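K.L.:
Protein chains in written order, with our numbering: chain A, 3 to 307; chain B, 117 to 391.
These aren't lab readings, by the way, just hints derived from the structure by calculation.
For clarity, every value in this text was computed on a predicted model and none was experimentally measured.
Errors might be hidden in some of the hints.
Stated by the list, open to error - Which stretches of chain B does chain A cover? Using the computed rule of at least three CB atoms under 8 Å from a CB of chain A, they are:
id	segment
1	251-259
2	289-302
As the list claims (entries may be wrong) - The calculated DMTMM-like cross-link candidates involving lysine to aspartate or glutamate, where the alpha carbons are at most 25 Å apart (straight line), are:
id	chain 1	residue 1	chain 2	residue 2
3	B	K164	B	D221
4	A	K162	B	E175
5	B	K278	B	D293
6	A	K102	A	D302
7	A	K10	B	D229
8	A	K10	B	E175
9	A	K95	A	D78
10	B	K164	B	E175
11	A	K87	A	D131
Claimed, not checked - Listed next, with one range per pair, are the computed distances between beta-carbon atoms:
id	chain 1	residue 1	chain 2	residue 2	range
12	A	C219	B	Y351	51 to 57 Å
13	B	D229	A	E65	25 to 31 Å
14	A	L215	B	P127	35 to 41 Å
15	B	R222	A	D78	54 to 60 Å
16	A	D49	B	I352	42 to 48 Å
Note that the Cβ used here is the ideal one computed from N, Cα and C, for glycine as well.
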Amino acid sequence: MFRYILQKFSFTLLVLAGAATCAFLLLHAIPGDPAQALAGPQATLEDVQSLRRSLGLDRPLPEQYARYMASLLRGDLGRSYRNGKPVASLIAKAWPATAKLALTSMLVAVVLGVPMGIFAAVRRGGPGDTAAMIVSFIGVSMPSFWLALLLIIQFSVVLKWFPFYGMKGASSYVLPSLTLGLGVAANIARLTRASMLEILDQDYVRTARGKGLSRPCVIWVHALRNAAVPVVTIIGLQFGILLGGQVVTETVFSWPGIGRMIVNALIARDLQIVQGGILVLALSFALVNLLTDLIYGLIDPRIRC
Amino acid sequence: MDTLKRAFRSPSFVVGFAILAVLVLLALLGPFFAQSPYAQDTSIKLMKPCAAHWLGTDEFGRDVLSRLIYGARYSLSAGFVAVSLGLLGGLVLGAVSGYYGGILDRLITTVCDVLLAFPSVLTAMGIVMVMAPGIYTPMIAVSFSSIPIFARLVRAQVLSLKNAAFIDAVRLAGASDARIVLRHLLPNSLGPIVVQATLRIGSSILLASTLSFLGLGAQPPTPEWGAMLSAARSYIWTAPTLAVFPGLAITITVIAVNLLGDALRDLLDPRTRRG
């Protein structure tokens with residue numbers, strides 16, 4: 003198990019180093035001078051040169067890279083080109099909103115997706131299975147921003163039940179969580195169904211049936227317990243889709259999280275914020291993946307070998 | 117030919133193919149019957165669907181149906197071009213990695229694993245960071261996020277075939293590495309690659325329209341479906357139907373491509389082939 007944990011942990015470090023390197027290279031591939039952008043249009047040539055020296059931008063690229071990695075390790079993500087504020091503090095301010103929305107959305111996705119997948123697998127080939135799979139097929143093919151707009155039209159414009167922008171009270175979570183959660187639920191349902199079908203075809207399930215156990219007992223006690231292993235992985239992997247969707251959903255609902263911050267910064271070309279935001283989302287994703295791998299290893303001994 | 121005949125016996129393939137064929141025809145023949153997507157008439161702005169304008173008009177009085185028809189070109193080509201570029205990059209990297217092995221293989225595999233560990237929208241946004249927003253930006257950004265997927269698939273295919281007896285025979289006959297890869301390894305690996313490419317078109321269309329919706333891709337007045345939805349957000353209280361049709365167009369297109377992909381997977385992937 004120790005070797006398995008070490009292996010997964012090393013890969014997570016590699017992914018993070020890769021993300022940081024990509025972000026560094028991308029920022030240096032952008033045409034234009036970061037010092038000029040940071041100093042603003044009113045700055046004199048001397049101001050820009052002095053800023054360039056103080057930021058170390060006049061040093062050779064490998065040295066800049068080493069300094070950049072060292073500052074990342076200290077939690078320094080640089081300063082915003084627009085307002086000069088530290089990016090790390092801006093991200094720390096936006097992070098709770100992103101995390102809360104991710105949790106409520108995952109709750110919606112799991113509560114809807116897992117039972118739907120099990121229902122479809124148990125009624126394999128029947129009208130219930132077909133209906134569940136058609137719904138989930140449409141769910142994975144639908145752009146999340148369109149779903150968001152449809153929900154706003156129905157529940158904010160027509161029914162006036164929920165607010166459609168900002169994070170004000172529990173009701174403001176409903177529409178963004180549904181937008182993010184429904185798309186992920188569709189994926190979870192499809193994958194849970196596939197995993198459950200595989201389990202239902204196993205010999206031990208057939209044996210349980212052969213012993214005369216009731217259908218609910220076979221499904222809930224024997225099949226579901228074993229199907230839970232891949233379902234945990236599926237849920238963990240869906241977190242990536244959730245993070246991707248978060249960027250869009252936060253923008254549509256003016257949710258004060260990291261996703262909206264990245265999009266606004268991209269439009270305003272405040273690239274230091276974009277870089278920091280993408281790195282933090284990549285870090286979150288890598289950590290969730292690591293956690294998923296560790297849980298998977300814990301509950302399925304075959305994975306550790 | 118046999119595979120194509122079997123494909124047309126699959127209802128998913130027929131429905132997906134029919135929808136996609138109609139969309140491609142509309143995109144190609146649109147200029148012959150649709151109005152100009154840029155023709156403005158503010159006296160008829162934000163009209164509801166009627167006989168003269170089947171899907172209504174937008175905030176500048178432009179015909180929504182005509183804009184959707186012209187928009188099919190952008191959205192379809194975004195999906196197809198992004199997948200083609202991603203496939204090209206993946207073919208080169210995957211073939212080199214799988215065929216030559218060694219340190220090059222380890223390097224390419226590690227980079228691909230790292231890139232695959234990110235949500236594709238983040239990879240695409242990283243690329244957008246370097247480029248200015250425009251029609252081609254989403255295509256290039258989306259293609260980058262597809263490269264590691266194809267590279268890994270092609271590498272696996274090449275690895276499974278490169279020690280086969282027929283490849284040894286070709287090598288002994290004096291064929292060059294390039295000839296072995298291009299004439300023998302890749303053609304024999306096409307099945308899974310075609311399936312993955314088809315399935316990837318749907319997600320590429322979604323990702324490209326997402327970037328345009330966020331204002332990072334096609335810019336107004338380009339009639340790209342994601343950009344049209346983005347503009348419709350401002351009129352959600354006065355003309356909510358404006359936000360319905362472009363989203364429906366994206367969803368129908370992605371459903372069609374996914375139906376085709378699923379049907380091809382059932383036909384070409386031996387693990388999912390029935391009977």
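K.L.:
For each hint, tell me whether it holds in the structure or not.
P.N.:
Evaluated hints:
1. 251-259: violated (count 0)
2. 289-302: Answer violated; 0 residues pass the 8 Å Cβ test.
3. B/K164 / B/D221: Violated, at about 58 Å.
4. A/K162 / B/E175: Holds - the C-alpha atoms of B/E175 and A/K162 are around 24 Å apart, at most 25 Å.
5. B/K278 / B/D293: Since the Cα atoms of B/K278 and B/D293 sit roughly 11 Å apart, the hinted pair holds (cutoff 25 Å).
6. A/K102 / A/D302: violated (30 Å)
7. A/K10 / B/D229: holds (13 Å)
8. A/K10 / B/E175: Answer violated: A/K10 to B/E175 is near 53 Å, above 25 Å.
9. A/K95 / A/D78: holds (15 Å)
10. B/K164 / B/E175: Cα-Cα ~11 Å, so holds.
11. A/K87 / A/D131: Measuring from Cα to Cα gives roughly 53 Å; hence the hint is violated.
12. A/C219 / B/Y351: 51 to 57 Å: Holds: the Cβ-Cβ distance is about 55 Å, inside 51 to 57 Å.
13. B/D229 / A/E65: 25 to 31 Å: Distance hint for B/D229, A/E65 holds at roughly 28 Å.
14. A/L215 / B/P127: 35 to 41 Å: Since the Cβ atoms of A/L215 and B/P127 sit about 37 Å apart, the hinted range of 35 to 41 Å holds.
15. B/R222 / A/D78: 54 to 60 Å: Since B/R222 and A/D78 have Cβ atoms about 32 Å apart, the given range 54 to 60 Å is violated.
16. A/D49 / B/I352: 42 to 48 Å: Cβ of A/D49 to Cβ of B/I352: about 45 Å, so the range 42 to 48 Å holds.
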